[in-house]
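Chemist: Listed below, chain by chain, are the residues.
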Amino acid sequence: MRIEILGSGCANCKLLAERTAEAARELGLEANISKVTDYQDIVSRGVMSTPGLVVDGVVKSQGQVPSVVAIQRMLGCSRAEQG
Amino acid sequence: MKVPLQDPLSPPVPTRVKVSDFWSHGGWLLLTLPLWFLIYHYLKPFGNWLAFSLLRFAKGSHLGEAVAFFAFDAPKVLMLLLLVVLGVTFTQTYVSPERTRDLLANRAGAWGHLLASLLGIFTPFCSCSAVPLFIGFVSVGVPLGVTFSFLVAASMVNEVALFMLLGVFGWKIALLYASTGVGMAFAAGWVLGKLRMEKHLEPWVMQIDFQASTLEQGQKTLSERLDLSLDGVRDIVGKVWPYLLMGIAVGAFIHGYVPEALLARFMGKSSWWSVPVAVLIGVPLYSNAAGVLPIVQALIGKGAALGTVLAFMMAVIGLSLPETIILRKVLKPRLIAVFVGVVALGILLTGYLFNLIL
Chain C
670 MRIEILGSGC ANCKLLAERT AEAARELGLE ANISKVTDYQ DIVSRGVMST
720 PGLVVDGVVK SQGQVPSVVA IQRMLGCSRA EQG
Chain U
397 MKVPLQDPLS PPVPTRVKVS DFWSHGGWLL LTLPLWFLIY HYLKPFGNWL
447 AFSLLRFAKG SHLGEAVAFF AFDAPKVLML LLLVVLGVTF TQTYVSPERT
497 RDLLANRAGA WGHLLASLLG IFTPFCSCSA VPLFIGFVSV GVPLGVTFSF
547 LVAASMVNEV ALFMLLGVFG WKIALLYAST GVGMAFAAGW VLGKLRMEKH
597 LEPWVMQIDF QASTLEQGQK TLSERLDLSL DGVRDIVGKV WPYLLMGIAV
647 GAFIHGYVPE ALLARFMGKS SWWSVPVAVL IGVPLYSNAA GVLPIVQALI
697 GKGAALGTVL AFMMAVIGLS LPETIILRKV LKPRLIAVFV GVVALGILLT
747 GYLFNLIL
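Those protein sequences? They're chains C and U, same order as listed. Numbered by the numbering used here, the letters in the first sequence go through residues 670 to 752 in order. Numbered by the numbering used here, the letters in the second sequence go through residues 397 to 754 in order.
Extracted from the complex, chain U is given alone in its bound form:
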């Protein structure tokens, strides 16, 4: 078979052009990196200058604080998002669900669960492909429990959220977020595997004759990968910016107007029920990592406990109703209940754990 990425309609490109090719295909981005860091560094003074010097709001006034937060946070989160999404989409040109599936086939035991949990974070897939993905995994011999480890990790740890947390709150919190998610996915998949849940799959899933497509995606060149990443950035940022602005507006409102004592009482460490309530509020809400983060930041600034807020964030991003309804096509209600229960429990545990140790 021919290499599918070769274009038969255009003459072959001489290899000598490759270097300038690299620069025109996104290599120029490397040059913008120092500029990125420079602007990023001066955003906070800029926000304060805009709100308090240019617009002459009184320092400490509700509106002034809200405006300063918006002017500082909107560009900050947006810039962070651009960098993170670029990095993540570039990394993801090296990972595909097909490759992950083949890596996991017939891999039972602890190593299989661990690998599945880690790959679950980074393997890109559209949430509406959860069903074909599930069938594809199971039918090439990925054990059911390992498949669950993969799915649980994919819904608990969001790779964009992970690196945004790293940028906003530092490596400790990012690491804790990732490791609790991976730990949960590992344990949940392992338990589900032991429970022998195969009989709770819808019957047609086991009967289907899945012949993995032999599509060769071909070895991509660096320029192609950069092109794909830029496409991804355009796609994702184009989709999330309304959520982002909305999130920042809510965050700015909280920052400027919500009294600290109120939040500390409802979302502080002392109230044990705040974590489950945060999860319950978060599940029906849908947003994405970029949209929730400004809210998270404002809540924490006002004295909300980190674990409670993170539980809220994970519930908003991870447990989504549409995905659950889609999965219902392959899983009987009992298995669905177990899946949702496991993820919800994982989020609760993460919340309590963070509140306990931070």
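Next comes chain C alone, as it looks inside the complex:
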């Protein structure tokens, strides 16, 4: 599972990265988490409010830091869609 955190690296983005790592760990998912900090790159994904969470190329959340449980739901959803 490929997870990307979009954001310039401010406190909110770091928090989102931490929570996402925790969520993936609790679900026992093998996740590859990377950060996207370049503004052109962020905007080209259609996200204009950071921090953003992208799972396997699909934007799951933007402009907020969801709770660990909510992130688990987002990761779970993506797993279910893959079937």
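Hints were generated in silico from the structure; no laboratory data involved. Watch out, some of these pointers could steer you wrong.
[As the list claims (entries may be wrong)] Pairs of lysine to any residue residues, derived as SDA-like cross-links and limited to a Cα-Cα distance of at most 20 Å, are as follows:
id	chain 1	residue 1	chain 2	residue 2
1	U	K616	C	V728
2	C	K683	U	R630
3	C	K683	U	D631
4	U	K725	C	G678
5	U	K595	C	Q709
6	U	K725	C	Q709
7	U	K725	C	S713
8	C	K683	U	G628
9	C	K683	U	V636
10	U	K665	U	V736
11	C	K704	U	C522
12	C	K683	U	D627
13	U	K698	U	L478
14	C	K683	U	L597
15	C	K704	U	C524
16	U	K616	C	V738
17	U	K728	U	L597
18	U	K635	C	V737
19	U	K698	U	N444
20	C	K683	U	C524
21	U	K635	C	R688
22	U	K616	C	C679
23	U	K725	C	V705
24	U	K725	C	C679
25	U	K595	U	V736
26	C	K683	U	K635
27	U	K440	U	L478
28	U	K725	C	D710
29	C	K683	U	F521
30	U	K635	C	G678
31	U	K590	U	L478
32	C	K683	U	I632
33	U	K725	C	G715
34	C	K683	U	L624
35	C	K704	U	I722
36	C	K683	U	P520
37	U	K635	C	C679
38	U	K728	U	A740
39	C	K683	U	C522
Keeping the supplied structure of chain C fixed, place chain U upon it in accordance with the hints.
Modeler: Frame of chain C; chain U shown alone:
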């Protein structure tokens, strides 16, 4: 597409549970409201009792007055902050930058500027998203001037500060604070729009192919909104309490030790230069609304002019160096200078206006 907020891993919740769901998700907060008002009402007598009866400081002594101020003000501002942040974060679950953007797309003219200025106050966004936000706005056809109205309003009027002012100083001052900010944002955006500043954007901004993400945040239920607001309160209060205590300590020091004549001379109405000096001192300082307010309160108590102090507060909260540096990525230096100049001018005008009419 499936509703993203639905959890596929857990069984569907029967609708009958919804009412108890509401109470367990923050509905209980409604019950604490009367208690809140009761405690709030008795804070001042409590502060005085603590300082002068329990700790036996002489009334009128420097240390005694400082302690009384701290004991009264710390819980007061904290309680006010809790209530205000809860209200604001709850309201903000109904507003998102994406919704604001779509509301403003292709809306030129006075109505567009006014709407942008009002939405600028209430739309939640992290200051480090200023750049993507800017691009997102411009690329779906929000006019540049309207985008500026939005950004100027967002940096001049802080929604938490607005309601804290309401709580501490009353509705007249809060209304004046909001309306000067909105007026300034309206005018600044309008002028910038007329100046045709598009050529001062960095070239890559206009070339970028922005396809707004189709993420459906889904219709939130009331319990989810309450959960989000409580999260927000935890987040914000967790972040600001050091600033708050520091602000209250400074405020207590001013209240107890700074002689009234000195402040009245430097920050009073009579000295015309006090407003610009207050702004210059305020810009490099960074704090947030909650931290500045106790200082503001103590300064005013000591005879400082309201306009001067408010200008100081707006400079501390609104004009921040980091945000300006971030915006530099999309705006050429000249446009940045115009933006900072406009906000600074707006703050100066607000300061003078308040000094003049209050």
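Chemist: For every hint, state whether the structure bears it out.
Modeler: For each hint, the structure was consulted:
no.	hint	verdict
1	K616(U) - V728(C)	18 Å, holds
2	K683(C) - R630(U)	17 Å, holds
3	K683(C) - D631(U)	14 Å, holds
4	K725(U) - G678(C)	15 Å, holds
5	K595(U) - Q709(C)	19 Å, holds
6	K725(U) - Q709(C)	10 Å, holds
7	K725(U) - S713(C)	16 Å, holds
8	K683(C) - G628(U)	16 Å, holds
9	K683(C) - V636(U)	18 Å, holds
10	K665(U) - V736(U)	25 Å, violated
11	K704(C) - C522(U)	17 Å, holds
12	K683(C) - D627(U)	17 Å, holds
13	K698(U) - L478(U)	27 Å, violated
14	K683(C) - L597(U)	29 Å, violated
15	K704(C) - C524(U)	15 Å, holds
16	K616(U) - V738(C)	16 Å, holds
17	K728(U) - L597(U)	6 Å, holds
18	K635(U) - V737(C)	19 Å, holds
19	K698(U) - N444(U)	18 Å, holds
20	K683(C) - C524(U)	12 Å, holds
21	K635(U) - R688(C)	17 Å, holds
22	K616(U) - C679(C)	27 Å, violated
23	K725(U) - V705(C)	16 Å, holds
24	K725(U) - C679(C)	16 Å, holds
25	K595(U) - V736(U)	18 Å, holds
26	K683(C) - K635(U)	14 Å, holds
27	K440(U) - L478(U)	18 Å, holds
28	K725(U) - D710(C)	13 Å, holds
29	K683(C) - F521(U)	16 Å, holds
30	K635(U) - G678(C)	17 Å, holds
31	K590(U) - L478(U)	42 Å, violated
32	K683(C) - I632(U)	16 Å, holds
33	K725(U) - G715(C)	18 Å, holds
34	K683(C) - L624(U)	19 Å, holds
35	K704(C) - I722(U)	18 Å, holds
36	K683(C) - P520(U)	18 Å, holds
37	K635(U) - C679(C)	14 Å, holds
38	K728(U) - A740(U)	18 Å, holds
39	K683(C) - C522(U)	13 Å, holds
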